[in-house]
Amino acid sequence: MDRELALEIVRVTEAAGIASAQWLGRGEKNEADDAATTAMRTMFDSVSCKGTVVIGEGEKDQAPMLYIGEEVGSGEGPEVDIAVDPLEGTNIVAGGRANAMAVIAVADRGTLLHAPDMYMEKIVVGPKAAGLIRIDDPIEKTIEITAKMTNKRVRDLTVIIQDRERHQPLIDRVRAKGARVKLFGDGDVGASIATALPQTGIDLFVGTGGAPEGVISAAAIKALGGDMQARLAPKDDEELQRCREMGIEDTDEPLELRDLVKGDDAIFAATGVSSGELLEGVRFLGGDWTETDSIVMRAKTRTVRFIKAHHHLEHKPHLIMEEE
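Numbering (our numbering), first residue to last: 50 to 373.
To be clear, the hints were calculated from the coordinates, so they are not data collected in a lab.
Source: prediction; values computed, not measured.
One should not assume that every hint holds.
[To be verified] With a straight-line cut-off of 30 Å between C-alpha atoms, the simulated BS3-like cross-links for lysine-lysine are: (1) 201 - 190; (2) 197 - 311; (3) 78 - 197; (4) 177 - 365; (5) 311 - 78; (6) 177 - 231; (7) 190 - 231; (8) 177 - 311; (9) 190 - 357; (10) 190 - 226; (11) 284 - 177; (12) 78 - 365; (13) 349 - 311; (14) 284 - 190; (15) 190 - 177; (16) 349 - 78; (17) 190 - 365; (18) 99 - 231; (19) 78 - 177; (20) 177 - 99; (21) 365 - 311; (22) 284 - 231; (23) 284 - 311; (24) 99 - 284; (25) 197 - 177; (26) 201 - 231; (27) 99 - 349; (28) 226 - 78; (29) 177 - 201; (30) 201 - 226; (31) 197 - 226.
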């Protein structure tokens with residue numbers, strides 16, 4: 050992939066972030082998601098690539114834009130797989146809460162796992178514990194390994210877990226081991242990535258969440274030198290058949306990072322919609338000026354860029370929400 054593609058992709062997440070942030074706290078999650086999706090799709094037309102959406106808003110008959118199989122990009126440039134979540138955290142934005150982002154992962158054609166829309170068990174660590182975690186290990190052993198490799202006492206280790214009833218037994222075991230637990234609501238892409246960025250103070254991510262989000266997270270973890278293992282968790286025969294249709298015969302087999310993102314290159318970009326662990330949210334500064342906070346990274350070079358940009362909305366009328 051061309052290195053210029055990374056900066057083009059972040060322009061796409063910026064557009065989605067600005068469009069959806071205008072719905073923050075308005076209680077309209079579908080409108081916020083539609084705004085992000087429309088802005089992302091429009092901006093993709095100017096990106097120099099031949100992209101195919103492999104993880105998107107749903108199947109063609111379920112989503113008018115950014116559906117699985119949709120061709121995006123200018124039609125010139127590298128052939129790539131694209132995984133998108135135009136608004137990771139629709140409920141977050143509707144409720145005016147923290148940690149919503151617009152996210153994209155891009156990789157060479159045929160290298161992203163075509164993860165079906167179902168649950169996935171996940172475990173993620175940063176670079177210091179890479180290669181040492183196993184999804185089948187007891188959480189107590191994983192905590193000990195992570196603490197040792199990060200040179201921390203167990204009591205100083207922070208494990209981030211989604212605040213869901215299904216995770217209560219896991220939360221209880223982490224607390225019984227003596228580690229610190231940080232709970233989050235929606236948006237597990239940002240929570241996963243936080244493990245590989247030392248400034249966040251997060252050491253370990255564990256839990257069950259969306260499979261598409263898992264693949265998007267994996268692109269960032271690969272770029273940051275962290276590690277991730279996962280396992281698809283189909284809830285019924287229909288979901289099991291979907292796995293088989295996507296080439297996954299044995300859903301009990303753990304998926305390693307190289308299974309989620311094959312090859313040695315991937316690009317991940319995200320723009321904050323509301324402020325959270327990873328990024329600041331969109332700020333409306335008055336006078337049509339808007340500020341965005343984004344991150345973009347590439348696995349091949351391990352380059353990570355934090356980008357703060359000012360946008361003048363008078364020159365981007367397609368991103369402005371119509372007045373009621």
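Measure nothing beyond the straight line between the CA atoms of residue 365 and residue 311; if it is 30 Å or shorter, mark the hint as holding. Between residue 365 and residue 311 the Cα gap is close to 36 Å, so the pair fails against 30 Å, i.e. violated.
Does the alpha-carbon distance linking residue 78 and residue 177 stay inside the 30 Å limit? violated, 38 Å
Distance restraint between residue 78 and residue 197, which requires alpha-carbon spacing of 30 Å or less: violated, 42 Å
Hint check: residue 177 vs residue 201, CA-CA at most 30 Å. Holds or violated? holds, 12 Å
Given pair status - residue 365, residue 78, alpha carbons within 30 Å: Answer holds: residue 78 to residue 365 is near 23 Å, not above 30 Å.
30 Å Cα cutoff - pair residue 177, residue 311: Holds. Residue 177 to residue 311 sits at ~21 Å (cutoff 30 Å).
Would the hint linking residue 99 and residue 231 be met if the CA-CA limit is 30 Å? violated, 40 Å
With the threshold set at 30 Å, check whether the alpha-carbon distance from residue 177 to residue 99 stays at or below it. Not satisfied, since the Cα-Cα distance of roughly 36 Å exceeds 30 Å.
Against the 30 Å threshold, does the CA-CA distance of residue 201 and residue 226 hold or violate the hint? holds, 14 Å
For the pair we were handed, residue 197 and residue 311, check the Cα-Cα distance against 30 Å. Measuring from Cα to Cα gives roughly 29 Å; hence the hint holds.
Take the C-alpha atoms of residue 177 and residue 231, compute the straight-line distance between them, and say whether it is at most 30 Å. holds, 20 Å
Residue 99 paired with residue 284 [C-alpha distance capped at 30 Å]: Cα-Cα ~34 Å, so violated.
Going through the hint list in order, the structure does not satisfy hints 3, 4, 5, 9, 11, 16, 17, 18, 19, 20, 21, 24, 28.
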